[in-house]
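Assemble the whole structure, with the sequences as input and the hints as a guide.
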Amino acid sequence: MALSQKTKDTLLGPLNANNPVVVQILGICSALAVTVQLKPALVMGIAVTIIVAMSNVIVSLIRNTIPMRVRIIVQLVVVAALVTLVSEILKAFAYDVAMQLSVYLGLIITNCILMGRLEAFAMTNKVWDSFLDGLGNGLGYALVLVIVAFVRELLGSGQLLGFQVIPESFYAAGYENCGMMLMPAMALILVGCVIWAHRSINEEKK
Amino acid sequence: MKLNTNSNIYTFVYMTIVVVIVAVLLALANQALKPRQDANILLDKQKQILGALKVDWMESDPAEIYYTLVNDTLTFGDKEVYVANVNGATKYVLPLSGKGLWGGIGGYLALDEDKNTIYGVNFNHEGETPGLGAKIVELPFRQSFEGKHIRNAEGSVVSVAVLKQGKLAEGQEQVDAISGATITSTGVSTMLNEELVNNYKEFLSELPAVEEETAEEENVESIEEEEE
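Residue numbers (my numbering), protein chains in the order written: chain A, 27 to 232; chain B, 7 to 234.
The hints are simulated quantities; they were obtained by calculation from the structure and are not laboratory data. It is possible that part of the hints are untrue.
Here are the simulated distance ranges between beta carbons [claimed, not checked]:
hint, chain 1, residue 1, chain 2, residue 2, range
1, B, Ser162, A, Ala120, 44 to 52 Å
2, B, Gln149, A, Pro210, 27 to 35 Å
3, A, Trp154, B, Glu70, 44 to 52 Å
4, B, Val25, A, Val172, 34 to 42 Å
5, A, Asn228, B, Glu144, 37 to 45 Å
6, A, Asn90, B, Val30, 18 to 26 Å
7, A, Ile215, B, Leu145, 29 to 37 Å
8, B, Glu70, A, Gln31, 55 to 63 Å
Glycine included, C-beta positions come from ideal geometry on N, C-alpha and C.
Okay, here's the thing in structure tokens:
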């Protein structure tokens, strides 16, 4: 089945041209917190993707019944329920990962991308489109997280996914891990660099 | 009939239904997953105790090894001490808990039979900064505790200090703090001091009266296999 242009835009737009992190500058706080290493960044990206997609679907399903005055509260309840569910499931089946993500898992509730997508998209669109939109935005978020975490783990600890990639001989020759990369400030600077690269590439296209 | 979705009554009823549905759903999920979660928490604790005892469980079932090694639990008030038998020697494992920078930290301290020499130690934390405070769980930091003594020359319990490189502790032994993680390191130091000097007073004050436990012929073979 060929995807229509609109479907494609909904799904793939957030990966690049309309990326929630680098274009809309949403969800920066968690991007800073979980990107010291690649593994938690990956899990966080997957968790957010699942939660945005599912909450988009649920809110889209009930969008016509939601009382306008309390719509934000309803959205919040849906998100909070899903986050709690995911966190319980992780604790039961992937205890190590749940421990590693610790508080940040719960903080997905306050991730602005979720509320943003629910309010801006799921409230006014059909279920399938909302699902694709959630998927796209979650993946767009995950993509930035992975890029930042890749650089931070590589330069900050000389490892990727916990495996040593920078050989011992480098250290013997005087190479040192950049401790600065482990600080949250460096994540912000890296996100800045990603935005810079992203803007200049997209500028050329126009 | 078209409902007025903006009326007060509709809003109240709607929210009540939503909240009840969510509450029931989460309660069910919690009940269904509880046994697995508890099993995970117990297994995690056993793994940590094995870590403090420096037993490698990578290729086998940690719970099984745990039950062959740890054969007794002593209770002192609300404190528990696990008695383990590693390669024929008695080790005491003391659970610890304290405060780090962002949340709680904890750990297990394995002492030799003299209740003085540290055999091994394992730390855990809720949410210390990855790459900085979180390094307390890593081997280099934990290994720096091995062989240290928690008593001074007079035999009274003084704990072990965690100090910045170059600083010297008075009257107690010390290990290097993690650079860049001052508050977590201080938290470890305070935790050890608090737990050893105050909370485990009762356990540590009974000094081993020469060899009382006639180590019942344990399954020595299975223990020897665990040697690293």
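For each hint, the structure was consulted:
Distance hint for B:Ser162 and A:Ala120: a CB-CB separation of about 45 Å, consistent with the stated range 44 to 52 Å. For B:Gln149 paired with A:Pro210, a C-beta distance near 29 Å keeps the hint of 27 to 35 Å intact. Taken as a hint, the range 44 to 52 Å holds for the pair A:Trp154 and B:Glu70, whose Cβ atoms sit roughly 49 Å apart. Between B:Val25 and A:Val172 the C-beta distance comes to about 36 Å, which sits within the given range of 34 to 42 Å.
At roughly 41 Å, the beta-carbon separation of A:Asn228 and B:Glu144 lies within the given 37 to 45 Å, and the hint holds. One distance hint, 18 to 26 Å for the beta-carbon pair A:Asn90 and B:Val30, holds here, with the actual separation near 23 Å. With their beta carbons about 31 Å apart, A:Ile215 and B:Leu145 fall inside the hinted range of 29 to 37 Å. The hinted window of 55 to 63 Å between B:Glu70 and A:Gln31 holds, with their beta carbons roughly 59 Å apart.
In summary, the structure agrees with every hint in the numbered list given earlier.
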